[in-house]
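*Asks:* Chains R and Z, in that order, give the protein sequences. Just so it is clear: in the first sequence, position 221 is 221 by my numbering, and no numbers are missing. Just so it is clear: in the second sequence, position 9 is 9 by my numbering, and no numbers are missing.
Relax, there's no trap hidden among the hints.
Okay, derived cross-link-like pairs now, DMTMM-like style, lysine to aspartate or glutamate, Cα gap no bigger than 20 Å in a straight line:
1) Lys169(R) / Glu280(R)
2) Lys149(Z) / Glu180(R)
3) Lys97(Z) / Glu180(R)
4) Lys124(Z) / Glu280(R)
Partial list, derived from the structure: chain Z residues whose beta carbon lies under 10 Å from chain R:
5) Ala46
6) Phe75
7) Gln78
8) Asp79
9) Met83
10) Lys97
Rather than coming from a laboratory, the hints here were simulated on the basis of the structure. Here a beta-carbon is modelled for each residue, glycine too, at the ideal position from N, C-alpha and C.
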Amino acid sequence: MNQIKTIAVAEAGTDAAVAALLPRSSTNEKVLRVVIPVLALSLAILAWHLVVTINGIPKYLLPGPVDVVIALFTDSATLWPALLVTLKITFMALALALIGGVGLAILLVQSRILELALFPFAVILQVTPMIAIAPLLLIYAPDTQTALLICAFIVAFFPILSNMAQGLKSVDHNLLNLFELYGASSWQTLLYLKIPTSMPYFMAGLRIGGGLSLIAAVVAEFAAGSAGQGAGLAFRLLESQYRLNLPRLFVALLMLCGTGIAIFGLTSFISWLTLHRWHESAIKREN
Amino acid sequence: MRNVTKVFSNGTLALRDMSLDVKGGEFISLLGPSGCGKSTALRIIAGLGAPSSGSIDWPSSKINTKGLPEGDVGFVFQDPTLMPWANVFDNVHLPLKLRGVSKADARERIMEGLASVGLADFAKSYPRELSGGMRMRVSIARAIVTRPKLLLMDEPFAALDEITRQKLNDDVLRLWQQFGMTVIFVTHSVYESAYLSSRIVVMRARPGQVFTDMQIAQPAIRDHDYRNSEGYRQTCQTVSDALQRAIHAAEIAS
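All chains, full assembly: derive it from the sequences and hints.
*Replies:* Written out as structure tokens, the structure reads:
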């Protein structure tokens, strides 16, 4: 359980660190923005290498960066398929969460009765730690993969739902009056007013949900303990630990980290594409 | 509007037995202290919130489901109330889009509307790229793009600086004369109402109702010279006195 927590925290930390490194700037600063992080990262890797070689630390305790790179090539036959499995679960869960979250949010804001009726279920599902439901899901789901998918879905679903619902409710009341004045149907109001208004909120939900679906896919696999051919990266991580194959464990971690960064980059890019023409959060200011 | 009374759900009596007969082509200012229900009256005319009692009678026979004459009313809010995600062109297109007029079919009318407020070159700009005065012009262009017979304006220039405000006053006057529409203009500025209106309705608070209703003899051409003229000064004086009496009446009542 401790391990699981550490990974979750490390993932969240990555997001925050990358977000802090996205300022607005001049050309000179743009160069610095690339050079300084790269330099800092290189220095850290060099320090890691030196610590390992100077102290003669054995590979099964702490592999050096060189060992990890070698393992990346030698173990790729085992790890790439595992990465694919994890990626598949992550993206399927995210896609389902997007469809479900946005769809349900739209239903909720259209019908007050439905909102009140579903509210207790939403709260119960949200506050129950996902990992605690996993054993149950393992019993009911037809196979482990489905159980993992459901876990990841539940986790990614709520931030998307709550952000979207919040967004749909944040409509400027004067604009709402204007639509009413011109006799807009509720469908037109939804399409031309509520959905555009909720885009910044949706994007926040997407960024959170994207990161969470990866974390959930990994954590769920720790809990479910899948094995064999269909196993994901989390299982390979545990397996490497049991076998004291630390270089492989590091490669698996590296892959998860890379995936997390890729998801963050992708969702941030989508967000920028959608909002940069009009929303404050995506606009560069001269002053 | 006949004997309209409006009681808000919290028990506040916003309007009591307010009656107002509007003739076609008038420029009416609803003038009064804050809290006198002038905005409420305007919103009831626009169909935004039904009166608690009383009715709004329209001369036109075509009445839509909301009880408003079809396509005959434009509304300008105190804030520009533009959609930040849409450019100026799309914002002005909105009223027509909601009636199912496509962008291509509406293009000419939209550009005409933008030209009439001097923003033809800004069709592709986004609201955030415009100044407060320009945003308000877009809002006005949007209100007149449907060629309304009645234009309702709810303290549209209250948040703008004096210079911009005077310019926009001239714009509104020009549009009023050009399109021959009826304007009901809510304001708390004596000078603005005296400059613009052909008729000024001074309202009092507690309860909100018509206090004085006066016709204003106005020259057709109103410009900088008119602002300095004796006639304008006298109008301001008369209106200001009426407003003072309205405020005083409300104070005695409370």
